[in-house]
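A.B. asks: Sequence:
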Amino acid sequence: MRVKELHPLCCIPLESPHGIDDFNKPPVEPATNLPATSLTGGSDRRKVTSVAGILHKWTNFGKGWRSRWFLLRNGILSYSKIRRPENLNLLSPSEDVRLIGDISAGRLSRMDSSSGRRKQQKTVGIVHLKQVSSFRESKSDDRKFYIFTATKTLHLRTDSISDRAAWLQALASTKCIFPLRSLNGDFSFTSPKDLSISTERLKKRLHEEGMNENLVKECEQIMLSEFSEMHEQIKLLHEERTNLFDALRQLEAANLESGAPGIDDNVYQLSKHGFSSLGRGKYSECSTTASSDDKQEFEDVSEEDEPSFHDTDEYFNEPSVGSGSNGYTDIKRRTKLPDPAEKERGVSLWSMIKDNVGKDLTRVCLPVYFNEPISSLQKCFEDLEYSYLLDRAYEHGKSGNGLLRALNVAAFAVSGYASTEGRHCKPFNPLLGETYEADFPEKGIRFFSEKVSHHPTVIACHCEGKGWKFWGDTNLRSKFWGRSIQVEPVGVLTLEFDDGEVFQWSKVTSTIYNIILGKLYCDHHGVMQICGNRQFSCTLKFKEQSILERNPHQVNGFVEDVSGKKAAMVFGKWDDSLYYVSGDGVSKTKVSDPASNASLLWRRTKPPPNVTRYNLTSFAITMNELTPGLEEMLPPTDSRLRPDQRHLENGEYEKANLEKQRLERRQRMSRQLQDSGWRPRWFEKQGESETFKYTGGYWEARGHRTWDDCPNIFGEFTEEQLAEAA
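In UniProt numbering, the protein residues as written are 1 to 726.
Treat the hints loosely; a few may be bogus.
[Said to hold, decoys possible] Below, a list of computed lysine-lysine pairs in the DSSO-like style, where the Cα atoms sit at most 27 Å apart:
#: 1; residue 1: Lys606; residue 2: Lys426
#: 2; residue 1: Lys343; residue 2: Lys655
#: 3; residue 1: Lys426; residue 2: Lys541
#: 4; residue 1: Lys541; residue 2: Lys519
#: 5; residue 1: Lys426; residue 2: Lys543
#: 6; residue 1: Lys343; residue 2: Lys81
#: 7; residue 1: Lys543; residue 2: Lys519
#: 8; residue 1: Lys469; residue 2: Lys685
#: 9; residue 1: Lys566; residue 2: Lys543
#: 10; residue 1: Lys57; residue 2: Lys139
#: 11; residue 1: Lys426; residue 2: Lys336
#: 12; residue 1: Lys63; residue 2: Lys152
#: 13; residue 1: Lys543; residue 2: Lys565
#: 14; residue 1: Lys81; residue 2: Lys57
#: 15; residue 1: Lys81; residue 2: Lys63
#: 16; residue 1: Lys426; residue 2: Lys479
#: 17; residue 1: Lys398; residue 2: Lys566
#: 18; residue 1: Lys469; residue 2: Lys343
#: 19; residue 1: Lys57; residue 2: Lys144
#: 20; residue 1: Lys566; residue 2: Lys426
#: 21; residue 1: Lys519; residue 2: Lys398
#: 22; residue 1: Lys152; residue 2: Lys81
No wet-lab data here; the hints were simulated from the structure.
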């Protein structure tokens, strides 16, 4: 808004206890030499206690947490890199600074004892705490806290609980030191009527200049008129500023309430530390902080190689919002398996057969050489690698495009086979009651599976995503044909969207060739029927690979509506990609040139650079990883805690074989346990089909870590158990 210029006579200074001079009064400053909890009182009000220390700041997924030197002074929080401890940029000795944390004090003493030369450390980030924002402590980590503005989030971590409390108190004191009068609407304006009592000096001066009374009154009226217009303009600016602050607070509150797992923590309650609420809005107790995010922030981007702040728009739109996962912290997952501790020795299948001729094959323990370091429970989760296809299907359905929803569901059903290419080892057979959980907030999903039956072997699973649920159970029936093994999955997979649309299908037959001689390979063949309960269904044919096949792994099919009319044709390869064309036009499109007039539905992710003999995908490499803090949350039945599988992953092959033999002896007791009335803990049979469905309660038990009813199935045998297994 353009402010109208004042009359020249209005430049004469006025003296009034309630007038314009109030705008120019210096801000009230706190006392010095006091802790952060006492920054609001004292007699010396010309100095401000500064707070400084080392905090760990989240930068990005590549660099993770980095130590930064933070300084809180005059309502501004600045930070800089610590390239060298001796070059740490501190306040001059004449200024009052309170250090938080033993690390800060230690580095300060080392720096003071060094040479007098101090290289100025460049500030790479500034947050103005006198504007609109808030901060909150983390409920999942006693050392973490967050600073929020309308568009930015700063993730910080201290070295101890007491250090975090000290920083939070210092931040809370900033609001009390630098109050924003306009935020509370208590900004007082001088009325034009009250201004008349403040014009005596002006009248006296004009009379001294020889002006008559009429001219003096005219000047006074001009000044009052100009002041009235200025008064109205200032009021309008004040109202606009207040509305802007309210809008920013509402935006911030809406973002915080959207359920982002990374910030799903309790609001910092200032009442615990003796502070009263002065702010406006739900999250604006006395602790409002802010970020001006000016030019200095862009310098931070260049200094950090990647932005060191996170946009809240990006953060709150992560798929994790839909997963319902709690306590999401930035998880950096591994990209390769651990380096083996021992050199692996190959095992000949012929020698295995020769050495076990005439023996009871049910008691023969195959060496771990034939296994890969994941279990069948985790193998089920591998089918969810491309879960983004289901997220996409959900969005298409919401927008009313049922055809694209069905096409993406078909692509998801095919994508689960891509990881089997080049995989020659078998997963570990789970113990009865063994479980596996996978909470992947970065993908927006959480998955759970359990072995619910030993004879026959049945594995049940349940997965929740953004707007959809996926569940099913699988029993593998195998046939040995001399040179190959044919595996036929028995079971129905169900996908249900929040709007009630359901798709169901069963997996096709898989065959492993050249068991005895030749190069081992796997092929999938058969017809997959994906049945929908609304407008569209899909039929896919996996073509069996022949000896002279030049283009193996082909998949062809179509999507049809309820009237039987083909709405789209689908084609591609289950180990590479899948395409579609609308209508019945597949004859015009060559598989060798799918880009001619077809649209891409799905493409396989490139394999990892660090390939081992297991040929695990990048996604599979992460499934058995124990990320920081995860082991304490897991039940004793989780596959990650299985010792033989863990030893194999670490390359401890002798230990893995010994543990596998021990656990397989225990496995033989499972049939007796099942016959005696054992029931699954987290699944139960539903309906006449006797399919297993998740009963709920696992994630709630995980949150409270109540695993009293979960036995330690990987533990040592008792003497009674050994006698029964003999």
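A.B. asks: All hints, please: hold or fail.
C.D. replies: Structure-based check of each hint:
no., hint, verdict
1, Lys606 - Lys426, "22 Å, holds"
2, Lys343 - Lys655, "13 Å, holds"
3, Lys426 - Lys541, "25 Å, holds"
4, Lys541 - Lys519, "25 Å, holds"
5, Lys426 - Lys543, "24 Å, holds"
6, Lys343 - Lys81, "43 Å, violated"
7, Lys543 - Lys519, "20 Å, holds"
8, Lys469 - Lys685, "18 Å, holds"
9, Lys566 - Lys543, "20 Å, holds"
10, Lys57 - Lys139, "18 Å, holds"
11, Lys426 - Lys336, "19 Å, holds"
12, Lys63 - Lys152, "19 Å, holds"
13, Lys543 - Lys565, "23 Å, holds"
14, Lys81 - Lys57, "10 Å, holds"
15, Lys81 - Lys63, "13 Å, holds"
16, Lys426 - Lys479, "16 Å, holds"
17, Lys398 - Lys566, "22 Å, holds"
18, Lys469 - Lys343, "43 Å, violated"
19, Lys57 - Lys144, "10 Å, holds"
20, Lys566 - Lys426, "39 Å, violated"
21, Lys519 - Lys398, "47 Å, violated"
22, Lys152 - Lys81, "20 Å, holds"
Going down the numbered hints, you'll see the structure goes against 6, 18, 20, 21, while the others check out.
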